[in-house]
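Got chain A; can you put chain B on it based on the hints?
There are 2 protein chains.
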Amino acid sequence: MTRVLKVELGERSYPLNIGAGLLADPASFVDLKGKPLRVVTDANVAARYLDPVLDALGLTREHAFVLPAGETQKTLANAELLLDWLLASRIARDGVLIALGGGVIGDLTGFVAAIYQRGIAFVQMPTTLLSQVDSSVGGKTGVNHARGKNLIGAFHQPVAVYADTSTLATLPPRELSAGIAEVIKCGMLGDSGLFARLERDMDALLELDGTALAEAIERCCQLKARIVALDERESLAGGPRTLLNLGHTFGHAVETYTKYESWLHGEAVGLGLAMAADLSMRLGWLKPDDAERCIRLIERARLPIRPPAGMTPDDFRSLMARDKKVAAGKLRLVLMRAIGESTTTADFDTAALDATLAHFCSTEPATESRPALPVS
Amino acid sequence: MTRVLKVELGERSYPLNIGAGLLADPASFVDLKGKPLRVVTDANVAARYLDPVLDALGLTREHAFVLPAGETQKTLANAELLLDWLLASRIARDGVLIALGGGVIGDLTGFVAAIYQRGIAFVQMPTTLLSQVDSSVGGKTGVNHARGKNLIGAFHQPVAVYADTSTLATLPPRELSAGIAEVIKCGMLGDSGLFARLERDMDALLELDGTALAEAIERCCQLKARIVALDERESLAGGPRTLLNLGHTFGHAVETYTKYESWLHGEAVGLGLAMAADLSMRLGWLKPDDAERCIRLIERARLPIRPPAGMTPDDFRSLMARDKKVAAGKLRLVLMRAIGESTTTADFDTAALDATLAHFCSTEPATESRPALPVS
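Which chain is which? The protein sequence lines are A and B, in order. When you line the first sequence up against my numbering, it's residues 796 to 1171, in that order. When you line the second sequence up against my numbering, it's residues 796 to 1171, in that order.
No lab work stands behind these hints, which were simulated from the structure alone. Where is the CB? At the ideal position from N, CA and C, for every residue including glycine.
If we take Cβ atoms under 7 angstroms as the criterion, some of the chain A residues that face chain B in the derived model are:
| # | residue |
| --- | --- |
| 1 | Leu878 |
| 2 | Leu882 |
| 3 | Ile910 |
| 4 | Gln912 |
| 5 | Arg913 |
| 6 | Arg942 |
| 7 | Leu946 |
| 8 | Ile947 |
| 9 | Gly948 |
| 10 | Ala949 |
| 11 | Phe950 |
One chain only, chain A, in its complex shape (with noise of 0.2 angstroms):
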């Protein structure tokens, strides 16, 4: 069964495509049928879905760029030698792009959409549970610089998603936690029957099962679609889309602690959910039951609630004082009133947050160390 939800964004509103086998599928692409279509991926998923994708859109392995899988490759160096294959393909504006892949292929391949004569179509096909539930809505894209990640991009929303939920059969136990935990974030956030939904169902997703995966990324896409429909270009200071960094200033600080080499970002998330949730409860905003509800169910995801061996809480107050949310000297955190519930405030009382960076760092930390992430 095929889920459509409509992404309501006036005149730049997308249907987003949720099901199982939907990318084997001709039915799916009826609405592609005759555009000058190209489509760009990476390595890993060509060895996989790219020829049968290619099969049901009609193409050849001439429409498609294969790049090399990995972060890595999310470089303005790649956006031109796409924007030159596309130019030598003489493609027009009335061209679509497709992105088949995870985070990084969605991101670049949309910027390079975004700045293609001004502007082209294009369509996300994400095979990433994180991509699924994190880039199918939002409109963001971008490539990283040497100075730092998604530093150089634009908004710029697909003309439809396709989220085949049977791709996550492949992904990896660690990948599909960390998706799971943008999932948690949405429900903490803004959906108290998503985050019940997800209580109950957390064996169900962690054993893949197609109609509990569905019901997931379509409740959380729902979510963001509304607030991204608020704050479309996240232009408001604390409006409403910086909700969707709830957990993110702490994951960041665990990100940038351990360069970006051992800790996925969803796994960072997963720890900065449960630790907003504990300075949320410190605070006397969140019920202590509600938050240790938070802690387990991000514990049953298999995602860490411990920070990484060596971090301090001065590791903690420094890294995030960098973070891009600080204005004006103070640090604003998104923080939750209730399960569903959250608001972005610099008002809060500092001494909550060093007890929660003090508890956290204090713990033993998890005895197995997280491996070296695979080098791409």
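Chain B alone, transformed into the frame defined by chain A:
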């Protein structure tokens, strides 16, 4: 006297300030005070205007990036240099990028602002007549590619435009006439009052009369603003925004034929406007007297009304067939119904087009051949 025209684009609306001496007056820039500002310009413009502008803004040379002058600088490589510079200066998302110069600087700087951290504010300070009437309204930004002009870019509206008419005093006469071509175009396609005013004021414009210039720029930008508001991203095929291409299909053929080496864009547009008026007359859509008024006005602006020596009707036909506006094999043209009234259509008698081409190409070319453009 400063005229302020509000360009109405909903939440992307901005003021367009027109007047003599704006750039050297700190009072012009009160809205920019306190923000992180950076200025991009070229060596020619810098020699005349950079220091006064920096003084008025309270900045120094270290806040400015000076590129060599010329169209060859409008590259992705230069965009990357500017991105690196902004990142090295730690400009955050509240930064404002200022383009001080003609169309090349405006297009390049606007593009960098569009993709820096997914878009920061930018300000246009156009210093040529063409950029004051053409690039100030419309939000088109971009860079060139080996395969063609403006093939990489984005729509990104400025937050303010300052068109200082006193900068036109140093404009070479050919550049002035080329800028006037775009003003005449506005009158022909959508504002008969502007057209009549140009007939009255042409000599004053050529003598750089400040009031005549400011009036013409304002009226031209008003018309453009109305049209752009209807179709901000030029997404409607044959929609209102295509009217701004009056004369351009003929003009592009001339530019391509002469390899962009000897005709200024505005000169080619001037001839194209004459040809469009002639064709509209032959179709019975435009009164012969009115076609004559158009051609006479173009001539008075010291613009060419003859094709380059040696260019044949077949040259025009084959180069025009490559135009972006060709849809389903049929050439679309912007044509006139009256002075101030135009339409985009593929539904015209091609025999009339043949007659126009034969008429213009049979006439002896102007004896003086057009000198090569300065290499930059």
